[in-house]
Amino acid sequence: MLVHSRKGKWATWALFFVLFLPLFALPLLVILAASFSQHWSGAFPSGFTTEHYASATRGESLQALTTSLVTALGASLLALTVGSWAALAAASLKKGGKRLLDALFVLPVAVPSVVVGLAVLVAFSKPPMILNGTSSIVILAHTILVTAFAYQSVSAAIVRLDPAYEQAAASLGARPSYVLWKVKLPLLLPSLTAAAGLCFALSMGELSATMMLYPPDWMPLPVRIYAATDRGSLFTGAAVAVVLMAATLMVLFAVSRVRTRASYR
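In the working numbering, the protein residues as written are 1 to 265.
Hints should not be assumed to be uniformly reliable.
[Stated by the list, open to error] With a Cα cut of at most 30 Å, we get these calculated DSSO-like pairs of lysine-lysine:
1) 184 / 94
2) 95 / 9
3) 98 / 182
4) 184 / 98
5) 94 / 182
6) 95 / 184
Derived from the structure by calculation, the hints contain no laboratory data.
Hey, can you work out the whole structure from these sequences and the hints?
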């Protein structure tokens, strides 16, 4: 193959750096540089300072970080529960029923997230269930937006499962509930943790639907970043963005460690 040759490897690495650095790494490095800067009038920032991180890790910013963590944790757990249950149920359906269920779960990510936010706002602003103005409506919207990813991840993992394990347990007299909890779910644990990490990361960065729904006392960190940059506090917004990235990466690293251990069980 091409990548097995010396020229192919060099070409692959060159393409990687040409695409990765300007498209992914450079924007993140710009944000990192801005978070430590006092001025940026030329090509490079000037005036090194850590004052922006002092304001990004206390007061309203710290509260916003806590709000984002709680929202993402709640949304990812709910999405993982609903998505896994639906994926397990879809595995036993016929092809037509499974396609219908796939379409229902993919629908929220097939439309702009601001449309999902508006739909949730309209649906839960009147009796019998009024959630408008509460933290629950933000967590619910995030759950709706990320459940599709949990459903798709677990569905793909179920397809790859070897049915011999379930058949062996059933042949030994194990009840379906026992097979589910003691055989199937442990085998799915690496995929479940990966899906949880993905849902958490997506929830931490969600902005469009959140802007329509969040109450004043439940402002997630992406909204805080938008508010800071909208007021012209670009350097403070950059520092808050770095804090958001760091918190998300720390949680994802912890999830990856759990996933690695689950893979070797």
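To see whether the hints hold, each was checked on the structure:
Simply put, residue 184 and residue 94 have alpha-carbon atoms about 20 Å apart, close enough for the 30 Å limit, and the pair holds. Restraint check for residue 95 and residue 9: the C-alpha separation of about 42 Å exceeds 30 Å, so the hint is violated. A threshold of 30 Å between alpha carbons decides the hint, and for residue 98 with residue 182 the separation of about 25 Å falls inside it, so the pair holds. Only pairs whose Cα atoms come within 30 Å are accepted, and residue 184 paired with residue 98 is accepted, the gap being roughly 19 Å.
Pair hint residue 94 plus residue 182 holds up; C-alpha atoms about 25 Å apart against a cutoff of 30 Å. Our distance criterion of 30 Å between C-alpha atoms is met by residue 95 and residue 184, whose separation comes to about 21 Å.
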